[in-house]
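Undergrad: Sequence lines, in order, name chains G and F. So that you can map any letter, position 14 of the first sequence is 14 in the numbering used here, and since no number is skipped, the others follow by simple counting. Residues are numbered in the numbering used here as their position in the second sequence, beginning at 1, plus a constant of 1000.
Calculated from the structure, these hints are not laboratory results. Cβ coordinates follow ideal geometry from the N, Cα and C atoms, glycine included. Treat each hint with caution, since some may be false.
Unchecked claim - Calculated Cβ distances over 10 Å to all of chain G for the following chain F residues:
| no. | residue |
| --- | --- |
| 1 | 1027 |
| 2 | 1101 |
| 3 | 1103 |
| 4 | 1177 |
| 5 | 1241 |
Unchecked claim - Per the computed footprint, the stretches of chain F lying under chain G, defined by three or more beta-carbons under 8 Å from a beta-carbon of chain G, are:
| no. | segment |
| --- | --- |
| 6 | 1267 to 1277 |
| 7 | 1329 to 1339 |
Said to hold, decoys possible - In silico lysine to aspartate or glutamate, EDC-like type, Cα no more than 16 Å apart, as pairs:
| no. | chain 1 | residue 1 | chain 2 | residue 2 |
| --- | --- | --- | --- | --- |
| 8 | F | 1248 | G | 72 |
| 9 | F | 1127 | F | 1111 |
| 10 | F | 1149 | F | 1111 |
| 11 | F | 1110 | F | 1128 |
| 12 | G | 37 | F | 1346 |
| 13 | F | 1305 | G | 2 |
| 14 | G | 36 | F | 1346 |
| 15 | F | 1248 | G | 98 |
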Amino acid sequence: MDLLAFAKGPALAWSIAVFVFGVVWRLVGIFLLRGKKDLSEPRNNASWKGLRLIVLRSWPRREFFGETAFTEVAGYVFHIGFLVALFFYLPHLLFFADISRGLIGVDFKTIFGVGWPYLPGGVIFFLSAISVAALLAVLVHRLINPVKRLISNFDDYFSWFVTITPIVTGMLAYAHLGAPYQTLLAIHILSVELLLIWFPFGKLMHAFTIFAVRGATGMAFERKGATL
Amino acid sequence: MTPHPTLGDLLTQRGISRRAFLKFCAAVTSLMALPPDMAPAIAQALAKATRPSVIWLSFQECTGCTESLTRSVSPTLEALILDMISLDYHHTLQAASGTAAEEAREHAMKEASGKYLLLVDGSIPTKDGGVYGTWAGESFHDILSDAVKGAAAVVAIGTCAAFGGIPKANPNPTGAVAVSDLVKGKPVINVPGCPPIAVVMTGVLAHYLAFGTIPELDPLGRPKAFYGETIHDRCYRRPFYDQGKFAKTFDDEGARNGWCLYELGCKGPTTYNSCATIKWNAGTSFPIQSGHGCLGCSEPDFWDKGSFYQALPTGDWGSAKTIGIAAAAGAAIGAAAAYSARKRQERSMKGG
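Isolated chain G (complex conformation) (with noise of 0.2 Å):
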């Protein structure tokens, strides 16, 4: 069996099956735990309205915008690349298409109704570029932020590392840069599934749990009257 071989087979299988089980360990973990009792008078009964935090909290609230904005910007752009790189790239709608086909019977793109449009490589390439530099972009500004520095581990930096690595060794494979084509794409797909078995068990995990986050967040402050 060669590296390709071993990447698109057994190693591609175990990694969805530990990520499928880390995500659902992590979520079922969390969502039955039970929250802290409230023992104060609600100051506002309707906390549901509260959820607006989930919005809210996806643009920097005005007085912090000069500190936030770098933050702020570089992620947007990091996570809109590799968010259109992931999703509207050809090689990997085909790939969802069959998993989706095994799971649920159908191909994914038939469930909407209208076609699932893809971009052209060169764009997908470009836009995994600025992602990549937004990257690098966001790692610097940690490293040279006092605080940043300070409050960061050894989860967000191998974190960063299994996000950065499929989208660099991506490109090398649609580059054809450095090895033979079958290795370039066995190494961005073992990088893949690198990042789907750390996926639950680092701080990636925000991908699922976020809005909840916010959600709940939301709520808890509503209920105290504060101002979202």
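Following the hints, position chain F against chain G.
TA: Only chain F this time, still in chain G's reference frame:
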């Protein structure tokens, strides 16, 4: 005529003009990605070369490799060059048969010991003492071992000889192996393909005749000159891949417009060969140009790498059952963790 005529002498006798010969040398130089100024050197070396003895052994194969070689456009200069080698043993092409044929092989091996080129097509069965392939009661394995001893170099022609090919495909009932799995201590050149392109075979021979050495090889033992780039990289449909234009079926508008066949399972991106540049039938076409995706036949284990019509990005990601078990196990452990946390919380509240 001298007892050991050179290729130059023989080509002159066959009426091949100097111009045609130089044209062939220039083509070989170009194909092997050598500097243009090497063409005269190749011409000079080839003209002076004497006919090397070549023994061609056919094992677990379908004769497709020989068909490719002989059914290249006839007559070609490449075919004549092949005539110019002393092909002392070849099942399909030789007139002799039976004991006489085997005697001819043994005679050639003795006469040209240490100098002959050994060309092998087909894999070699090794299971159960190699009984699944024999000539005159002798196993392929033994015949190969015997023939290799006096060979100057070994050329594995076709994917079966180079990597085991179809006989080695799962479940490999005969224990088929590649030539390089058995031959140690001698240079082995792999010329895979199912079949290989005729000019690739003759190009490798021309290189050996001209320089007396084997060409530069890639990690899989293939000449880099012919297997240095993927079919995808040199495919005339590549611009459509870059533009995101793909045929979805073999008879849709995309297919009629000649768009990329990636979604239809083309293995061009992972296949190293010269099909897209040299092409077949005197440069007429190659599979992708004819509307079908590349099968990846010059790569190891191409038969076992999933369907020819399954797009490359698809992989063996498991099954719905495996994913379900993983999710159920995750849910069970998550619930146990939450239960444990609740208990701790209760104890803490009681204690507080």
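Undergrad: Sort out which numbered hints this structure fails and list those numbers smallest first.
TA: 5, 8, 9, 11
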